[in-house]
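**Q** Chains A, B, C and D, in that order, give the protein sequences. For reference, each letter of the first sequence is one residue, going 5 to 314 in the numbering used here. For reference, each letter of the second sequence is one residue, going 5 to 314 in the numbering used here. For reference, each letter of the third sequence is one residue, going 5 to 314 in the numbering used here. For reference, each letter of the fourth sequence is one residue, going 5 to 314 in the numbering used here.
Watch out, some of these pointers could steer you wrong.
The list treats identical chains as interchangeable, and a pair is accepted whether it falls inside one copy or across any two copies.
Said to hold, decoys possible - With a cut-off of at most 30 Å between alpha-carbon atoms, the simulated DSS-like pairs for lysine-lysine come out as follows:
#, residue 1, residue 2
1, K6, K277
2, K277, K82
3, K6, K82
4, K110, K6
5, K160, K110
6, K277, K110
7, K6, K136
8, K82, K163
9, K160, K277
10, K6, K160
11, K163, K277
12, K110, K82
13, K160, K82
14, K6, K163
If you are wondering where the hints come from, they were derived from the structure by calculation, not from laboratory data. In this text, all values refer to a predicted model and were calculated from it rather than measured experimentally.
There are 4 protein chains.
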Amino acid sequence: MKEALLEAVTAIAAAMATRSERGRVADYIPELARVDPDHFGIAVVDADGDVAVAGDADAPFSIQSVSKVFALTLALGKIGDGLWRRVGREPSGNAFNSITQLEYEKGIPRNPFINAGALVVTDAILSGHTPKVALGEILRFLHFVADDETIFIDDKVAKSEQDTGFRNAALANYLRAFENLRNPVEMVLGVYFHHCAIAMSCRQLAMAGRYLAFGGRHPTAGGRVVSSERAKRINALMLTCGHYDGSGDFAFRVGIPAKSGVGGGILGVVPGKASIAVWSPGLDGQGNSLLGSEALEILSRRMGWSIFGD
Amino acid sequence: MKEALLEAVTAIAAAMATRSERGRVADYIPELARVDPDHFGIAVVDADGDVAVAGDADAPFSIQSVSKVFALTLALGKIGDGLWRRVGREPSGNAFNSITQLEYEKGIPRNPFINAGALVVTDAILSGHTPKVALGEILRFLHFVADDETIFIDDKVAKSEQDTGFRNAALANYLRAFENLRNPVEMVLGVYFHHCAIAMSCRQLAMAGRYLAFGGRHPTAGGRVVSSERAKRINALMLTCGHYDGSGDFAFRVGIPAKSGVGGGILGVVPGKASIAVWSPGLDGQGNSLLGSEALEILSRRMGWSIFGD
Amino acid sequence: MKEALLEAVTAIAAAMATRSERGRVADYIPELARVDPDHFGIAVVDADGDVAVAGDADAPFSIQSVSKVFALTLALGKIGDGLWRRVGREPSGNAFNSITQLEYEKGIPRNPFINAGALVVTDAILSGHTPKVALGEILRFLHFVADDETIFIDDKVAKSEQDTGFRNAALANYLRAFENLRNPVEMVLGVYFHHCAIAMSCRQLAMAGRYLAFGGRHPTAGGRVVSSERAKRINALMLTCGHYDGSGDFAFRVGIPAKSGVGGGILGVVPGKASIAVWSPGLDGQGNSLLGSEALEILSRRMGWSIFGD
Amino acid sequence: MKEALLEAVTAIAAAMATRSERGRVADYIPELARVDPDHFGIAVVDADGDVAVAGDADAPFSIQSVSKVFALTLALGKIGDGLWRRVGREPSGNAFNSITQLEYEKGIPRNPFINAGALVVTDAILSGHTPKVALGEILRFLHFVADDETIFIDDKVAKSEQDTGFRNAALANYLRAFENLRNPVEMVLGVYFHHCAIAMSCRQLAMAGRYLAFGGRHPTAGGRVVSSERAKRINALMLTCGHYDGSGDFAFRVGIPAKSGVGGGILGVVPGKASIAVWSPGLDGQGNSLLGSEALEILSRRMGWSIFGD
């Protein structure tokens with residue numbers, strides 16, 4: 005199987021390199037708009053801890069919303085299932101930055117992976133800390149789960165988003181109006197923009213996702229990052245809500261729990277088998293990486309990794 | 005494992021028998037409102053074809069929306085992936101009978117498991133046939149996949165729904181206004197109400213679901229009901245959309261692709277491992293069987309059957 | 005002033021005859037789609053009962069939604085202010101045939117001039133009668149208020165609408181689901197499509213509107229059609245809701261209570277001064293007569309007839 | 005008539021003093037929540053400039069949204085009809101602080117009297133000035149139209165709103181995301197909260213409204229405040245949009261263009277006849293003064309002042 009995986013990963017990177025239709029690089033964050041759309045990277049960590057990579061697997065990119073998975077893990081660690089009184093677990097049926105749903109559901113975001121939900125999650129992480137402490141905690145968590153202390157926050161991206169993130173500021177103020185943020189709006193937004201601006205390579209991201217693929221355990225440090233129950237539940241949320249309003253279609257085509265970000269990265273989790281990261285900056289109409297999704301679809305089929313049958 | 009399964013099923017039925025909080029029996033279809041809320045049945049077919057049952061596993065109940073899974077299978081067999089131009093694959097973020105989504109998305113239902121989507125699916129099955137022929141086809145399909153020719157349509161339930169189904173009539177007329185129904189509204193509604201009124205026992209329903217659990221194959225007749233690819237995709241839709249606006253929560257708690265009906269039945273599919281049917285008539289706030297969901301949650305945990313990890 | 009009025013009316017008809025941009029004739033009712041867009045007619049009845057006309061003032065056209073004003077008058081006469089428990093008095097902020105509002109407001113239409121509201125009004129008129137009797141009553145009312153027994157229902161238009169009126173059928177079924185229709189859906193729709201298919205000329209329509217312009221009184225028969233209080237209230241509804249989602253703009257530009265129909269007719273009411281009818285079949289983006297609105301804007305300015313100041 | 009008016013005003017104040025059901029004082033702005041609900045004031049200025057007052061007609065109250073009328077007048081004076089490219093003229097069919105409409109209509113508020121629209125209007129006034137200059141301009145305008153230099157901004161109310169105005173901050177950020185605010189969000193909000201915090205008595209407010217009642221002219225200074233055309237148009241907007249989602253009902257019952265504020269004040273305009281101000285702090289379910297509305301209804305009926313007929 006290891007050979008099959010290496011062959012698959014290499015073939016996929018080769019195929020993706022030939023694609024002319026590569027989607028559109030996110031342009032609403034000026035700093036992201038500059039990224040070259042020709043990048044493609046893929047990395048897969050299997051149950052033995054072996055890593056198969058191809059393409060730009062070691063180039064760092066802005067993980068953006070993929071960070072919501074790690075933020076959720078941390079927030080659950082801090083305040084436990086009480087979080088679910090402040091945020092739901094249902095797909096949204098709306099664009100990722102929609103404010104309409106918040107109005108109808110009186111300030112309770114539908115799930116932790118839409119922006120409003122991630123702001124509440126960020127608020128839960130902040131509680132009782134300064135932004136600096138909260139960001140330090142998030143970064144240390146990533147260093148730990150990825151076994152890599154070089155992961156960093158790209159301050160230019162964070163600044164770029166802070167200058168233009170009026171929709172997120174609207175969401176945060178709206179949540180505060182419903183008293184579903186407890187820390188000052190500016191502080192929550194600051195931490196949110198910074199953890200979305202974390203830069204990671206495919207290799208680092210695939211390493212970081214191991215605890216979700218392998219029952220909550222840390223493969224090298226030993227011990228648990230989260231309980232196996234919690235790992236399953238986070239995977240379930242990734243499957244139903246991980247690709248915004250394209251989550252159903254992604255589950256239909258790919259069949260792997262995964263979380264995408266507008267930087268073009270996707271973290272995929274095959275329970276018991278693999279943690280996967282892909283990166284291609286061009287996005288489809290729902291804001292998910294066009295070639296990244298296709299790469300995962302091919303990989304899932306070649307390896308028989310769909311959780312819905314083989 | 006067989007013993008573990010039998011023990012699990014028996015223990016679950018025993019536990020459910022003691023519950024006083026059993027949800028509310030659907031009352032918007034008069035004929036369903038009469039069903040005794042004390043019923044509980046469960047049946048599981050494993051990969052060897054062995055069946056474990058407990059409780060009222062042989063009592064027929066109205067499968068209601070569970071029939072949408074079989075209708076979808078038939079419609080895809082007839083018109084193939086062209087169906088996806090007329091209906092989406094995304095969770096709805098709305099109640100199962102919501103008409104608002106149809107207005108915003110111009111007559112394209114979000115998925116085949118909300119009522120509007122199932123009406124389009126029914127229209128696809130009808131094409132070029134009389135209602136009688138279409139219903140005969142649906143029933144023959146169920147006889148085939150369940151290996152059981154005694155499955156029947158409960159005409160009293162169909163009639164009861166036809167007399168009071170104004171919301172469904174609104175949806176059908178609305179779809180027709182967008183030219184997303186091709187057959188006369190009355191005809192589509194007639195077939196729809198009748199296939200929702202199919203009566204099956206847990207044992208029959210678990211048998212009928214085998215092709216989805218086991219890669220599209222018919223375990224006893226041999227050969228394929230659908231391709232393994234299509235089985236996976238239907239399972240994915242069941243996971244993301246099978247419990248209306250409670251689908252995310254069901255995936256989170258249970259982790260098994262499943263479709264519920266307001267008759268209190270749920271069909272669950274564990275790829276490669278089992279086809280499951282449970283029945284308890286009382287519903288929760290989202291219209292899903294209260295004890296049926298709980299029974300599946302316990303079963304999934306005891307057997308390690310979540311598709312999101314073990 | 006009589007001369008000023010005659011001059012105004014003649015000048016307006018002459019100006020409208022030269023317009024090349026005439027809007028789009030409604031095409032969703034096949035029978036209406038055939039009407040020649042070059043028509044333009046205008047008729048004004050003043051407080052002395054004198055009539056000024058120009059253009060095609062004596063050609064009959066389909067009054068369509070203008071009939072909702074007369075239907076409302078009749079329904080209020082039958083069931084009084086109890087009607088307001090079943091229909092609101094607020095502008096809708098939505099397209100005239102929107103079903104979304106009905107879902108959010110649980111089956112209570114926002115006002116009697118959107119289609120859903122007019123269906124409830126029609127249901128109130130029907131109560132305890134056959135459709136034939138109800139339609140006879142509506143027609144007799146028009147004969148009386150217009151002093152003209154030649155006004156008739158165009159059955160071809162009614163038939164054309166009945167064959168294609170799926171959105172209205174959706175609305176009616178939806179209202180019935182909320183028990184806000186008491187008569188069978190088919191019957192309500194039949195009466196609705198027929199009273200919308202009443203054919204009148206500008207002259208007849210202006211005559212019919214006199215009771216609203218002149219304090220509820222019947223200028224020639226003597227006595228009251230409605231109380232002055234009720235006339236004022238119907239005028240208020242025409243101003244706030246008479247042009248669908250273009251009502252605010254019409255009030256802003258024209259400043260006269262008025263009700264439009266997709267046949268291209270508009271009835272305008274200047275309290276104490278005049279009853280006006282204009283007709284030009286081409287519609288603007290909101291479904292209101294393009295040249296009809298402009299004609300009323302010019303007339304209002306020339307005569308100083310805005311109710312918002314002179 | 006002068007005596008009739010004085011009698012009416014006195015009788016109304018006497019009747020209102022006996023009411024036990026007085027509505028609920030706005031509590032979302034802490035500073036407003038302290039106002040005594042027993043206040044009632046009324047002032048009417050007629051075409052001769054005579055003033056009839058009763059009750060607490062000289063007690064200052066927070067005019068809140070009534071200030072939107074004056075802000076609109078100023079913004080139209082500055083940028084003219086170009087304003088209508090940035091804000092609509094239609095009733096909203098939604099609560100005054102709804103953000104949903106903004107999402108569906110891509111950042112164009114439905115009218116200048118809902119909060120989002122008033123923020124755009126405030127942005128137009130600000131253009132090229134500091135907040136201090138803009139507020140000075142607004143205040144000078146009020147001193148001029150009311151002939152009264154004692155009108156002031158209540159800084160405590162402004163501060164109180166600034167501390168709790170998260171919904172308005174959400175709206176402003178959202179508008180900015182659509183580039184429909186050109187000045188910094190904080191600056192627009194600052195000016196907005198301060199002009200809503202202007203304190204005026206009924207007498208001052210009725211004086212300030214004279215230019216709208218009397219064709220745009222300044223009765224004492226001579227000359228025009230606005231053209232008669234613009235006065236009519238502002239009156240039309242007050243009628244269709246002046247009472248949030250209760251505008252239709254207010255037009256139906258009272259028949260006078262009017263603008264309400266959550267401080268409990270209402271400015272009413274009877275074209276050619278009178279400028280009216282009433283104040284009673286308790287609000288109805290739509291956020292409009294309960295007794296203020298009733299007072300205007302009685303006054304309109306007694307004086308025959310409805311614009312929809314007499």
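**Q** For each hint, tell me whether it holds in the structure or not.
**A** Now for the hints, and whether the structure bears them out:
no.	hint	in the structure
1	K6 with K277	both (11 Å within a copy, 25 Å between copies)
2	K277 with K82	within (28 Å within a copy, 36 Å between copies)
3	K6 with K82	neither (38 Å within a copy, 40 Å between copies)
4	K110 with K6	neither (50 Å within a copy, 48 Å between copies)
5	K160 with K110	between (34 Å within a copy, 29 Å between copies)
6	K277 with K110	neither (40 Å within a copy, 41 Å between copies)
7	K6 with K136	neither (42 Å within a copy, 54 Å between copies)
8	K82 with K163	within (27 Å within a copy, 35 Å between copies)
9	K160 with K277	neither (36 Å within a copy, 50 Å between copies)
10	K6 with K160	neither (39 Å within a copy, 58 Å between copies)
11	K163 with K277	neither (38 Å within a copy, 50 Å between copies)
12	K110 with K82	within (24 Å within a copy, 38 Å between copies)
13	K160 with K82	within (29 Å within a copy, 39 Å between copies)
14	K6 with K163	neither (42 Å within a copy, 59 Å between copies)
In this structure, the earlier hints numbered 3, 4, 6, 7, 9, 10, 11, 14 are contradicted, and the remaining ones agree with it.
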